[in-house]
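> Just so you know, the protein sequences line up as chains A and B, in that order. So the first sequence is numbered by our numbering: it starts at 21 and just counts up by one. So the second sequence is numbered by our numbering: it starts at 95 and just counts up by one.
If you're looking for bench data, these hints aren't it; they were derived computationally from the structure. Just so we're clear, the structure is a prediction, and the values are computed from it rather than from any experiment. Nothing false has been slipped in among the hints.
With a straight-line cut-off of 20 Å between C-alpha atoms, the simulated SDA-like cross-links for lysine to any residue are: (1) B:K143 <-> B:K171; (2) A:K61 <-> B:T106; (3) A:K42 <-> B:E136; (4) A:K29 <-> B:E136; (5) A:K61 <-> B:V181; (6) A:K42 <-> A:S106; (7) B:K154 <-> A:H122; (8) A:K56 <-> A:P120; (9) A:K87 <-> A:G48; (10) A:K61 <-> B:T118; (11) A:K64 <-> B:T99; (12) A:K61 <-> B:L141; (13) A:K42 <-> A:P89; (14) A:K39 <-> A:D58; (15) B:K150 <-> A:D118.
Covered by chain B, per the in silico footprint, the following chain A stretches (three or more residues, Cβ under 8 Å): (16) 54-68; (17) 116-128.
Virtual Cβ for every residue (Gly too), placed ideally from N, Cα, C.
In case you want the letters, here they are:
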Amino acid sequence: DTAVSQTPKYLVTQMGNDKSIKCEQNLGHDTMYWYKQDSKKFLKIMFSYNNKELIINETVPNRFSPKSPDKAHLNLHINSLELGDSAVYFCASSQARDQPQHFGDGTRLSIL
Amino acid sequence: GNSVTQMEGPVTLSEEAFLTINCTYTATGYPSLFWYVQYPGEGLQLLLKATKADDKGSNKGFEATYRKETTSFHLEKGSVQVSDSAVYFCALQNAGNMLTFGGGTRLMVKP
Chain A
21 DTAVSQTPKY LVTQMGNDKS IKCEQNLGHD TMYWYKQDSK KFLKIMFSYN NKELIINETV
81 PNRFSPKSPD KAHLNLHINS LELGDSAVYF CASSQARDQP QHFGDGTRLS IL
Chain B
95 GNSVTQMEGP VTLSEEAFLT INCTYTATGY PSLFWYVQYP GEGLQLLLKA TKADDKGSNK
155 GFEATYRKET TSFHLEKGSV QVSDSAVYFC ALQNAGNMLT FGGGTRLMVK P
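One chain only, chain A, in its complex shape (with noise of 0.2 Å):
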């Protein structure tokens, strides 16, 4: 019963590889978001998306780009993976923007 879920747990690949993550939600929120959390613990909000609506924080390379396929799902693409991508991706959805969120358990990306 998993309310928002991300694949995979854990990705090791390689410097200049394109991976993908996917998530998941079951709420029937119309919001999702993509967040990156470093070795600090800091968390930077990447994108957030609903049916009308992409806003991506300036911040973030083009090399990353959200992918939804449906309303439950927002998935992160990421091309020619850097060193500086290693950290915790959290994806979270809310019913609105304005509405608390709720986060999944985060994908651990490792380049090496």
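Add chain B to chain A, keeping to what the hints say.
Just chain B now, with coordinates in the frame of chain A:
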């Protein structure tokens, strides 16, 4: 713009000690304020919230009061347990906007 400042951790306490984690914010208008908790290996969970000045959010023995005059939302608990060990995030949200998180404060409770 919006910003949230939390006390730096780690905060190390003995079981049954009193906990305070300070949080102050800068925002336009009248934001809602939140505390989220992240247990090891997990995502963030909403712990409590307050939506207007002088509101007190409470959950699981934790409390925080929305103080507009001091722009603060300090987290308190009267008697912490080992199971409270986690990272705590203060956050704010203006209507229609996304959450702005503080840097997180790690709490370690020793038996």
